[in-house]
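**Q** Listed here are the chains, written in short residue letters.
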Amino acid sequence: MSHHIIELKDVEYAYPDQTEALRGISFRIVHGESVAIIGANGAGKSTLLSNLAGIYTPSKGMIRIGDYPINKQTLTHIRRSVGMVFQNPDDQLFMPTVFDDVAFGPLNLGLPPEEVKQRVMAALETVGAAQLVHRPPYKLSGGQKRAVAIATVLSMLPDVLIMDEPSAGLDPFARRQVINLLQSFDHTRIIATHDLDLVADVCTRTIVLAEGQVIADGPTLHIFNDAAVLAKSGLEKPLRMQGCPVCNS
Amino acid sequence: MNKIEHRWLELRYFDELATRESVIHTLHPTIKLLTTLVFIAIVASFSKYEIAGLIPMFFYPFLVIGLGNIPIGMIIKRVLLTLPFVLFIGIFNPLLDQAILVQIGPVPISGGIVSFVSIIIRFTLSVVAALLLIATTGIDAICGALSNLGVPRVVVTQILFVYRYLHVLIEEVMKTIRAYSLRSPQSDGVAFKAWGSLVGLLLLRAIDRAQRIYQAMLCRGFDGEVRIVRSWQLSKGDIAFLLAWLSFFIIVRSINIPEWLGTALLGGYK
Amino acid sequence: MHMADALISPTVGAIMWATTTGIVTYSAKKVQKELDESKVPLMGVLGAFIFAAQMINFSIPATGSSGHLGGAMILAILLGPHAAFLTMASILTIQALVFADGGLLALGCNIFNLGFFPCFIAYPLIYKRIVKEGVNKKSIIIGTSLAAIIGLQMGSLGVVLETFLSGITELPFTAFLLLMQPVHLAIGIVEGMVTAAVILFILKERPEIIHSVPGGKELGTLSMKPVLIGLLVVALVTGGVVSWFASSDPDGLEWSIDKAAGKALETPEGIHSILAEVQKKIAILPDYNFKEAKPAAGEEAKEKEVAAWPSVDSGLSVAGIVGSLFTLLVAGSIGKLLQTLNRRQQKFSN
Numbered sequence: 001m002s003h004h005i006i007e008l009k010d011v012e013y014a015y016p017d018q019t020e021a022l023r024g025i026s027f028r029i030v031h032g033e034s035v036a037i038i039g040a041n042g043a044g045k046s047t048l049l050s051n052l053a054g055i056y057t058p059s060k061g062m063i064r065i066g067d068y069p070i071n072k073q074t075l076t077h078i079r080r081s082v083g084m085v086f087q088n089p090d091d092q093l094f095m096p097t098v099f100d101d102v103a104f105g106p107l108n109l110g111l112p113p114e115e116v117k118q119r120v121m122a123a124l125e126t127v128g129a130a131q132l133v134h135r136p137p138y139k140l141s142g143g144q145k146r147a148v149a150i151a152t153v154l155s156m157l158p159d160v161l162i163m164d165e166p167s168a169g170l171d172p173f174a175r176r177q178v179i180n181l182l183q184s185f186d187h188t189r190i191i192a193t194h195d196l197d198l199v200a201d202v203c204t205r206t207i208v209l210a211e212g213q214v215i216a217d218g219p220t221l222h223i224f225n226d227a228a229v230l231a232k233s234g235l236e237k238p239l240r241m242q243g244c245p246v247c248n249s
Numbered sequence: 250m251n252k253i254e255h256r257w258l259e260l261r262y263f264d265e266l267a268t269r270e271s272v273i274h275t276l277h278p279t280i281k282l283l284t285t286l287v288f289i290a291i292v293a294s295f296s297k298y299e300i301a302g303l304i305p306m307f308f309y310p311f312l313v314i315g316l317g318n319i320p321i322g323m324i325i326k327r328v329l330l331t332l333p334f335v336l337f338i339g340i341f342n343p344l345l346d347q348a349i350l351v352q353i354g355p356v357p358i359s360g361g362i363v364s365f366v367s368i369i370i371r372f373t374l375s376v377v378a379a380l381l382l383i384a385t386t387g388i389d390a391i392c393g394a395l396s397n398l399g400v401p402r403v404v405v406t407q408i409l410f411v412y413r414y415l416h417v418l419i420e421e422v423m424k425t426i427r428a429y430s431l432r433s434p435q436s437d438g439v440a441f442k443a444w445g446s447l448v449g450l451l452l453l454r455a456i457d458r459a460q461r462i463y464q465a466m467l468c469r470g471f472d473g474e475v476r477i478v479r480s481w482q483l484s485k486g487d488i489a490f491l492l493a494w495l496s497f498f499i500i501v502r503s504i505n506i507p508e509w510l511g512t513a514l515l516g517g518y519k
Numbered sequence: 520m521h522m523a524d525a526l527i528s529p530t531v532g533a534i535m536w537a538t539t540t541g542i543v544t545y546s547a548k549k550v551q552k553e554l555d556e557s558k559v560p561l562m563g564v565l566g567a568f569i570f571a572a573q574m575i576n577f578s579i580p581a582t583g584s585s586g587h588l589g590g591a592m593i594l595a596i597l598l599g600p601h602a603a604f605l606t607m608a609s610i611l612t613i614q615a616l617v618f619a620d621g622g623l624l625a626l627g628c629n630i631f632n633l634g635f636f637p638c639f640i641a642y643p644l645i646y647k648r649i650v651k652e653g654v655n656k657k658s659i660i661i662g663t664s665l666a667a668i669i670g671l672q673m674g675s676l677g678v679v680l681e682t683f684l685s686g687i688t689e690l691p692f693t694a695f696l697l698l699m700q701p702v703h704l705a706i707g708i709v710e711g712m713v714t715a716a717v718i719l720f721i722l723k724e725r726p727e728i729i730h731s732v733p734g735g736k737e738l739g740t741l742s743m744k745p746v747l748i749g750l751l752v753v754a755l756v757t758g759g760v761v762s763w764f765a766s767s768d769p770d771g772l773e774w775s776i777d778k779a780a781g782k783a784l785e786t787p788e789g790i791h792s793i794l795a796e797v798q799k800k801i802a803i804l805p806d807y808n809f810k811e812a813k814p815a816a817g818e819e820a821k822e823k824e825v826a827a828w829p830s831v832d833s834g835l836s837v838a839g840i841v842g843s844l845f846t847l848l849v850a851g852s853i854g855k856l857l858q859t860l861n862r863r864q865q866k867f868s869n
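Chains as they are written, first to last, in the numbering used here: chain A, 1 to 249; chain B, 250 to 519; chain C, 520 to 869.
Keep in mind that the hints were calculated from the coordinates and are not lab data.
Hints should not be assumed to be uniformly reliable.
As the list claims (entries may be wrong) - Computed cross-link-like contacts, DMTMM-like style, restricted to lysine to aspartate or glutamate with a CA-CA straight-line distance of at most 25 Å:
1) C:Lys723 x B:Asp457
2) A:Lys139 x B:Glu420
3) A:Lys139 x B:Asp264
4) C:Lys723 x B:Glu421
5) A:Lys72 x B:Asp457
6) C:Lys855 x B:Asp487
7) C:Lys855 x B:Glu265
8) C:Lys558 x B:Asp457
9) C:Lys558 x B:Glu254
10) A:Lys139 x B:Glu421
11) B:Lys424 x A:Asp171
12) B:Lys252 x B:Glu270
13) C:Lys651 x C:Glu727
14) C:Lys552 x B:Asp472
15) C:Lys558 x A:Asp17
16) C:Lys549 x B:Asp472
17) C:Lys651 x C:Asp555
18) C:Lys656 x B:Asp457
19) C:Lys855 x B:Glu270
20) A:Lys60 x A:Glu125
21) A:Lys72 x C:Glu553
22) A:Lys72 x C:Asp555
23) C:Lys549 x C:Glu727
24) A:Lys72 x B:Glu474
25) A:Lys72 x C:Glu556
26) B:Lys485 x B:Glu270
27) A:Lys139 x A:Asp159
28) B:Lys442 x C:Glu727
29) C:Lys855 x B:Glu259
30) C:Lys548 x B:Glu421
31) C:Lys855 x B:Asp264
32) C:Lys656 x A:Asp17
33) A:Lys139 x B:Glu265
34) A:Lys139 x B:Glu254
35) C:Lys558 x B:Glu420
36) C:Lys651 x C:Glu553
37) A:Lys72 x B:Asp472
Next comes chain A alone, as it looks inside the complex (with noise of 0.2 Å):
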């Protein structure tokens, strides 16, 4: 769908302690883009994500995914067409075991039996994961864990994916296989994280949080070689364009 734009108009949240999380956001993205969403702890990012896949609705402003404004009516859709992929694998996957985690969106879809076998099973090729379909998810180790909470999502086919931290608590080989995984997809991505070296292998583009607000929106490479935007936000530069200890450059 090459019309499928997300687009947000001056979103304001605030929780029900009425602490505001999101302060007037405003952004658009196109199809198959990939955006990160970067900011210090409690800018906003893990609930503007949630505002995004329709858990939160925002107390003032609009949200809309493709042709669809995300209200009461539409969260069907919109459940179908945004996967969100939370921060602890272990509350994404509940069921007794791998095949029926995966398994769980399509046949909330009403999908028949052999359709939804093959889903699965193409979810899990997908992210590398086919060998442990029968394993209980307690069994598996963090980066196993993760790989098939992606897989839960892309069963659904949707067309949109977002992430919250999907390579915090990974050891380096289970990380680099994410990020080369989020690298094949052709979704639209939306991913919030600290790891901006993954941002930077993933992202073309980033947008800034800070207080709830839009501070910065653009390229990848801008934002980090703006200071000023990276030190309002509390944030440094991604390791890999920090000085080089052994040539001091």
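Position chains B and C relative to chain A; hints supplied.
**A** For chains B and C alone, coordinates are given in the frame of chain A:
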């Protein structure tokens, strides 16, 4: 504290056993469940003074252990660990029932002792049967069997969820207790005052976790119904297994085989 | 408090299973229809939580002993009675299956004793009534303590009745009762206090959780009488049908039903009759305590009692022992042989 670690290890141990392969493991889960339940019911139906007649029932666990290649170490350990409470009640039998029931050669034995021994035998048989069920079948398949037998889906789903998150929560509890005991002077148990907030915090974390899980479910289209797809083929071998054991149990219940055997061996029948 | 299969007769087990199945089906329907779907993962996680929390021992000050949480009351307060009952049932089922904590035949009894009483009687009729006036520190402490104590007393009574009516134990009813009830009174007090401690903590940190609890239409105002009568009818009918098929040895339950139905019992004479009068006054089921008494001459009634007790044929004679040992030997050898064959086969296939 050690109790938690032991339980956790046992949980994983029996979990692991269920994934092995053997003739018993491949049997249809409903068959195994039914056989176990009938076994336990028939063991319980013996009269309270029965000892010899019960013995042939041991064929079932022994055969399952053999065919299923189940190591008996952990099973024996479990039996011994759970024995005390039964002994505590059962010990009153020899104390209260002193009427001489039977005479073995020159030795008189009271009814109380007979029923006490019978209790221990029954206990061993039923506990071992239950453990063999989980060791050869696994909670997942057992829930499938329960579903087949008509248990409401809400209940089956609930059991699966509890089991799934048991591992997570036990680890969380273990970590919290460890952190606590590293900073507290006494060595056993949590001080009563700290208990409320310790458990309270764990509870709040659990509630928050449940909320996040719910959100994850919603994102994947959850509509109130948890759908699980499973199928096992019922083969002739499965049915034969069930019928054969059923017949055996009924025969054992009706005839005191050891009595016959012993009498024959001692030349009682000319 | 988990009952084992060794002390249950199939009749008692079956009756309690029938009863528990009825309550489970009823609760499942209720939960399916009425419970907010967000509670589905909550039931699962809380079930796992209570299971894990039961493993935390806390030291009871000044007694040097330790205790642990039961949990049904916390579940009822957070989930409402029906969901809490199902959660307790799931916990007990896993304990029975995986840890052999409580037998499978006795599982019906255990779910009833440890689930029905706290969730459907103690919680709605005691805790909720007390807390109705207002949810505050005082009402919670009183509410949880009373509910826990009474719930556990009922549960303990259930254990006593079920064990006693199974007829395998020799403990006389009153002795058993005097053994169990005081112990569970102490346990109940502790359970009440720890439940209060946890609930108060939640109330302080996140009060909205306590105030937004589902209870269905207030069970507290629902009359429990029709529910209980219904259960009793189910139990009696099932009991009657099942005992028809049960073993020919009259077990304790059939025996007491006979007596209760008023089968003619000759009046005992002599010292026996004095004892009879005294027993009748202090015991609920007076006849049970007689069976240890030696039969005096000419007392047909007494002999009838002895004869009616489980058959004296114990199968324990010299022949029986020889045969048993032989049988065990054969069974054990077959098992061992199969195991060795299994291992060899695995070695070859690797």
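**Q** If a hint holds in the structure, say so; if it does not, say that too.
**A** The hints, checked one at a time:
A distance of roughly 16 Å separates the Cα atoms of C:Lys723 and B:Asp457; the hinted pair therefore holds under the 25 Å criterion. Only pairs whose Cα atoms come within 25 Å are accepted, and A:Lys139 paired with B:Glu420 is accepted, the gap being roughly 13 Å. The suggested pairing of A:Lys139 with B:Asp264 holds, with an alpha-carbon distance near 10 Å, which does not exceed 25 Å. Proposed proximity of C:Lys723 and B:Glu421 is supported: the alpha carbons are some 23 Å apart, at most 25 Å.
At roughly 24 Å between alpha-carbon atoms, A:Lys72 and B:Asp457 fall within 25 Å of each other, so this suggested pair holds. Between C:Lys855 and B:Asp487 the alpha-carbon distance is near 23 Å, which keeps this suggested pair within the 25 Å criterion. For the suggested pair C:Lys855 and B:Glu265, the alpha carbons sit about 22 Å apart, so the restraint of at most 25 Å is met. Of the pairs offered as hints, the one joining C:Lys558 and B:Asp457 holds, with about 12 Å between alpha carbons and a cut-off of 25 Å not exceeded.
For a cut-off of 25 Å, the pair hint linking C:Lys558 to B:Glu254 is broken: about 29 Å separates their Cα positions. Restraint check: the Cα-Cα separation between A:Lys139 and B:Glu421 comes to about 16 Å, which is no more than 25 Å; the hinted pair holds. Only pairs whose Cα atoms come within 25 Å are accepted, and B:Lys424 paired with A:Asp171 is accepted, the gap being roughly 21 Å. Among the hinted pairs, B:Lys252 with B:Glu270 is inconsistent with the structure: their alpha-carbon atoms are about 30 Å apart, more than 25 Å.
Between C:Lys651 and C:Glu727 the CA atoms are separated by roughly 16 Å; this keeps the pair inside 25 Å, and the hint holds. Between C:Lys552 and B:Asp472 the alpha-carbon distance is near 13 Å, which keeps this suggested pair within the 25 Å criterion. The suggested pairing of C:Lys558 with A:Asp17 holds, with an alpha-carbon distance near 22 Å, which does not exceed 25 Å. Taken as a hint, the C:Lys549 and B:Asp472 pair is honoured in the structure, with Cα atoms around 17 Å apart against an allowance of 25 Å.
Our distance criterion of 25 Å between C-alpha atoms is met by C:Lys651 and C:Asp555, whose separation comes to about 23 Å. Restraint check for C:Lys656 and B:Asp457: satisfied, since their Cα atoms lie roughly 24 Å apart, inside the 25 Å limit. A C-alpha spacing of about 18 Å is found between C:Lys855 and B:Glu270, which places the hinted pair at or below 25 Å, so the restraint holds. Of the supplied pair hints, the one linking A:Lys60 and A:Glu125 is violated, its CA atoms being roughly 41 Å apart against a limit of 25 Å.
With a C-alpha separation of about 21 Å, the suggested pairing of A:Lys72 with C:Glu553 holds against the 25 Å cut-off. A threshold of 25 Å between alpha carbons decides the hint, and for A:Lys72 with C:Asp555 the separation of about 17 Å falls inside it, so the pair holds. Annotation: proposed proximity of C:Lys549 to C:Glu727 holds, straight-line Cα distance about 24 Å (limit 25 Å). Of the pairs offered as hints, the one joining A:Lys72 and B:Glu474 holds, with about 20 Å between alpha carbons and a cut-off of 25 Å not exceeded.
Of the pairs offered as hints, the one joining A:Lys72 and C:Glu556 holds, with about 17 Å between alpha carbons and a cut-off of 25 Å not exceeded. For the hint linking B:Lys485 to B:Glu270, the alpha-carbon distance of about 19 Å falls within 25 Å, and the restraint holds. Taken as a hint, the A:Lys139 and A:Asp159 pair is broken in the structure, with Cα atoms around 30 Å apart against an allowance of 25 Å. Distance restraint check for B:Lys442 and C:Glu727: the Cα-Cα separation of roughly 24 Å lies within the 25 Å cut-off, and the hinted pair is therefore satisfied.
At most 25 Å may separate the alpha-carbon atoms for a hinted pair to count; C:Lys855 and B:Glu259 meet this at roughly 24 Å. Under the criterion of a C-alpha separation no larger than 25 Å, the hint pairing C:Lys548 with B:Glu421 is inconsistent with the structure, at around 33 Å. Simply put, C:Lys855 and B:Asp264 have alpha-carbon atoms about 23 Å apart, close enough for the 25 Å limit, and the pair holds. With a CA separation close to 23 Å, the supplied pair C:Lys656 and A:Asp17 stays within the 25 Å bound.
For the hint pairing A:Lys139 with B:Glu265, the CA-to-CA distance comes to about 10 Å; that is within 25 Å, so the pair holds. Distance hint between A:Lys139 and B:Glu254 is fulfilled; the C-alpha atoms sit about 17 Å from each other, no more than 25 Å. Proximity of C:Lys558 to B:Glu420 is assessed by CA-CA distance (about 23 Å); at most 25 Å being required, the pair is judged to hold. Proximity of C:Lys651 to C:Glu553 is assessed by CA-CA distance (about 22 Å); at most 25 Å being required, the pair is judged to hold.
Taking the CA atoms of A:Lys72 and B:Asp472, the gap is about 14 Å. The hint holds against a cut of 25 Å.
Of the numbered hints listed earlier, those contradicted by the structure are 9, 12, 20, 27 and 30.
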